[in-house]
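Student: Residues per chain, in single letters:
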Amino acid sequence: MVAKKQIKTTGQHIAQLNLSLDELDKHPGKAVLLAAEADDIGAELLSILSKGLYTNPLDCIREYAQNGVDAGARSIRIKITGNAVSILDDGAGMEREDMLAARRFGLSPKSITEHVGFRGIGLYSGFDICRELSIRSSKAGSTRVHNMVFKFADMKAQLDTERLQDSSKKRTSLVDLLSKHTQITLLPEEEDKDRSYTLVTLQDVSPEHVALFSDQQRMRNYLLANLPIDFSSTFPHQAEISKALREKLGVAYKPVKVNLQLPGRESLAIEKYASIGSLQAPTFHSIYDDDKLIAFVWVCLNNIRKTVDLNRKESDPEYAGLLFKMKGFSIGTRDKARTLFSRPQIYDWYTGEIYITNPAVIPNAERNDFETSAAKRVLMVELEELAETLTENADKFSLRENAKESLAKHGAMLNKLDSIFGSADSPVGQFDEAMNAYRDLGDVLKDLKKRKKAIEMLPTDQQTLATDINLKAKKYQVALEKLIKEPAAVFQNKKKSVKKGTSSTAAVGQKEIHEMLAEDAPPKLIDVFQNAGWTIKSPADVIIELFQSALDDLIKPGSTEYKNFINYLSEKIADNNLEK
Amino acid sequence: MCAFQTTPNKDCIRTAWDLPILLQQHNSVCRGLNYFGMTGPEMRDILAWRSVLESWTSVEERPKDPKRLEAADRAAEQLNVTAFKYGLDNKLTLLRGDVEHIIISGMDSFGTPPPLSNNAPADEMKFSYDLHNLDFDGGLGFGGNKGKPRRIVALERLFMRQAGSSFTLFLTVNVRDTIGAHVTSFLENRAATENCDVLRWYAGRGDGEYDYKLKAAVPLFLRHHAESNNFDSFFYPAVSYDGYKRARMVHFVAFFSATNSVFPNASKQPRDVWKLPMLRCGGGAINLSSSQHPGGNSGDSQRLLQGAPKEILSLL
Chain W
1 MVAKKQIKTT GQHIAQLNLS LDELDKHPGK AVLLAAEADD IGAELLSILS KGLYTNPLDC
61 IREYAQNGVD AGARSIRIKI TGNAVSILDD GAGMEREDML AARRFGLSPK SITEHVGFRG
121 IGLYSGFDIC RELSIRSSKA GSTRVHNMVF KFADMKAQLD TERLQDSSKK RTSLVDLLSK
181 HTQITLLPEE EDKDRSYTLV TLQDVSPEHV ALFSDQQRMR NYLLANLPID FSSTFPHQAE
241 ISKALREKLG VAYKPVKVNL QLPGRESLAI EKYASIGSLQ APTFHSIYDD DKLIAFVWVC
301 LNNIRKTVDL NRKESDPEYA GLLFKMKGFS IGTRDKARTL FSRPQIYDWY TGEIYITNPA
361 VIPNAERNDF ETSAAKRVLM VELEELAETL TENADKFSLR ENAKESLAKH GAMLNKLDSI
421 FGSADSPVGQ FDEAMNAYRD LGDVLKDLKK RKKAIEMLPT DQQTLATDIN LKAKKYQVAL
481 EKLIKEPAAV FQNKKKSVKK GTSSTAAVGQ KEIHEMLAED APPKLIDVFQ NAGWTIKSPA
541 DVIIELFQSA LDDLIKPGST EYKNFINYLS EKIADNNLEK
Chain X
1001 MCAFQTTPNK DCIRTAWDLP ILLQQHNSVC RGLNYFGMTG PEMRDILAWR SVLESWTSVE
1061 ERPKDPKRLE AADRAAEQLN VTAFKYGLDN KLTLLRGDVE HIIISGMDSF GTPPPLSNNA
1121 PADEMKFSYD LHNLDFDGGL GFGGNKGKPR RIVALERLFM RQAGSSFTLF LTVNVRDTIG
1181 AHVTSFLENR AATENCDVLR WYAGRGDGEY DYKLKAAVPL FLRHHAESNN FDSFFYPAVS
1241 YDGYKRARMV HFVAFFSATN SVFPNASKQP RDVWKLPMLR CGGGAINLSS SQHPGGNSGD
1301 SQRLLQGAPK EILSLL
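The listed protein sequences correspond, in order, to chains W and X. Each residue of the first sequence is one higher than the last, beginning at 1 in the numbering used here. Each residue of the second sequence is one higher than the last, beginning at 1001 in the numbering used here.
You can trust all of the hints, since none of them are fake.
Computed spacing ranges between beta-carbons, pair by pair:
hint, chain 1, residue 1, chain 2, residue 2, range
1, X, 1023, W, 101, 47 to 57 Å
2, W, 313, X, 1090, 24 to 34 Å
3, X, 1051, W, 339, 51 to 61 Å
With a Cα cut of at most 20 Å, we get these calculated PhoX-like pairs of lysine-lysine:
hint, chain 1, residue 1, chain 2, residue 2
4, X, 1091, W, 257
5, W, 151, X, 1064
6, X, 1085, W, 257
7, X, 1067, W, 180
Source of the hints: derived by calculation from the structure; they are not laboratory data. C-beta: ideal position from N, C-alpha, C; glycine also.
The following block holds chain W by itself, in its conformation from the complex:
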């Protein structure tokens, strides 16, 4: 028998209350302490908290797994058999006293600095979804095995009955409810006293919840998003990231191996980042408040300058964005950190995790956000700064990659000109081909000018390539211009195709040449911004339209001044992109 604390009867309780109230009457204006008793806390609290805090039935798996992690588990096995869900961990296990302490409602033996769970309610997270909760545990160093059973269905039945009864009837207190429907058994001894484990089983889970638990895709994605699961061995950067996390976080980094087995299926190892590719090497960022480390972040940028989840199938977990973690457990979803980034489209190019190490930053009970606090504010400010750095890095990467692609394209184009005209030194070819090539070369040179700063960020060999392309394009341009202006060459070809001639043929030809040799109409202002990667939304488009109109009125479109203005503006925008 477990020794009970002395619980006062209702009569004794009221008597004590009356004493206090007498004091109140005797000394008006004086505050009198009011003692609370077990009967003051109703059993409904259990239902209210479990329903209110654990709206997602899968959260109970997280809670029980959390307990395993707090106990030092290295592996967790989750098994669904029929309508039973079992979570077995190889953590330190519990002796009798530990089980009795764990059972306390809202009172946890754990510490917020060392453990994930600390509120003392996680054990009851399965209250609303199963008939009974069974916890079986053996602690290392002891051969004793205990089994504690919470008969949740009986508790719920009692609460349901009382809800319907007359209001004058006494309602069960939380203490009485738990006392009546919780039991503990000493089981046959464990042979191996070094063995430790805890098995939590939810028996008779309600059918709609069983369907959810038996959905392999949802379970896998939930586990990946919420538990401190270890990286897949196939993830190219797992060794580097794991090492950095261990070094920086120490014992606070406790990844676990998780296996999931659904009814009639083989066991599935759940691994993080198993099917993700094309990421750059990770970068690591320590966030400090004064000298104290408050967060440690690892991020990888996608190599293909689009969202990390570009090739993601519906059934695959989402990896775009950053995930907040506390002691390995997720807080909220990957969308949570999106607001830190001023340009959301860049956010999805990244994947990573933000490990919070400041114990003053406290997750809320639902574990989807942090409680409001000064510590949280400081953290968010620092993370916003980091987000700016990451955005800038992504922009630079994008500019560099775009420049590389352009160089490759221009190089290929020049090679093609060689095959058409022979060489840039003395090209030979048809009029139309020359005209088209001349126009294209103009675009190449403009593009190289536009990307000047980006090219300067490239490796030396790429910069050399850019110089070579520039020179060759200019050489070709000069040579083709000469070829085009050479009357014999031009009209030789035109005579063959034009009908029996009029002198206007010559005039047409000259007019064509003039128009083609004249530099192309400069882009509109809005094109300049859009070509630089800006998204123009209302009312900015209206403003730019007005500027365009004013510009057209003041400076002749196509004039040198106009073109200089456009080029200058393009450079300014490129500089702004870099600085931002």
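Keeping the supplied structure of chain W fixed, place chain X upon it in accordance with the hints.
Tutor: Same frame as chain W, but now just chain X:
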């Protein structure tokens, strides 16, 4: 406290009798065997045969009675713990319900079919296990006015389920059942058909010797249904022993080899399997039982058990 309790006799049969037979099958198919049956929470069978097994589908009952259900739930939890302790959980599938129901209907109490099934509708569902271990906690059947006992139906259905897939059957039954009259009648009819004094001898066993009747009847019953489903059957001698709380148990072992025959198959093993000796396990050893049918001799064993593992033959 779990319902199943092992005993030294059961442990002896598991290692000295069952394992060599499984080893021979394992060597023949050149792969691990897939097990279906009642491991019990301590999974002693799996632990003893682990070297020849590939996967194990374990069945734990799920009674309706709340008290029995509670005990069954604790047994299922213990099974999970045992599997974890010995590193067996990755290959373990747990089904809840009566094993007879699962064989007959093709699914457990929650509608989960065994993993090694073709997931077809119940009437067409096929299993492809290598080993069925049916350790019925009780007799072969409890008849009366409610028709054929479910365990008998389940055994008949097992051959239909396994059609096309060879398997070994370990069947252990308690001598306490209520179909004794049916067993006797069956033996008497076969004795008349075969004009066989040995069968008459078995049919005539009295009180306290019901295990002998089962010894003779069960292989005949199984062979009939096996051959109807195109299996070639090979029976080993039955072993009787005293189990938990001194209950008299009989352990049957047979290997059923799937054939392509379009007609009911005639097994290669000689028909007179009733001439196999009765064995007895006691004191940690398996020996010939002190009482045998008249005219029994070692020549019958040699003739009937050609191809059996030498460890088995050496016991005879």
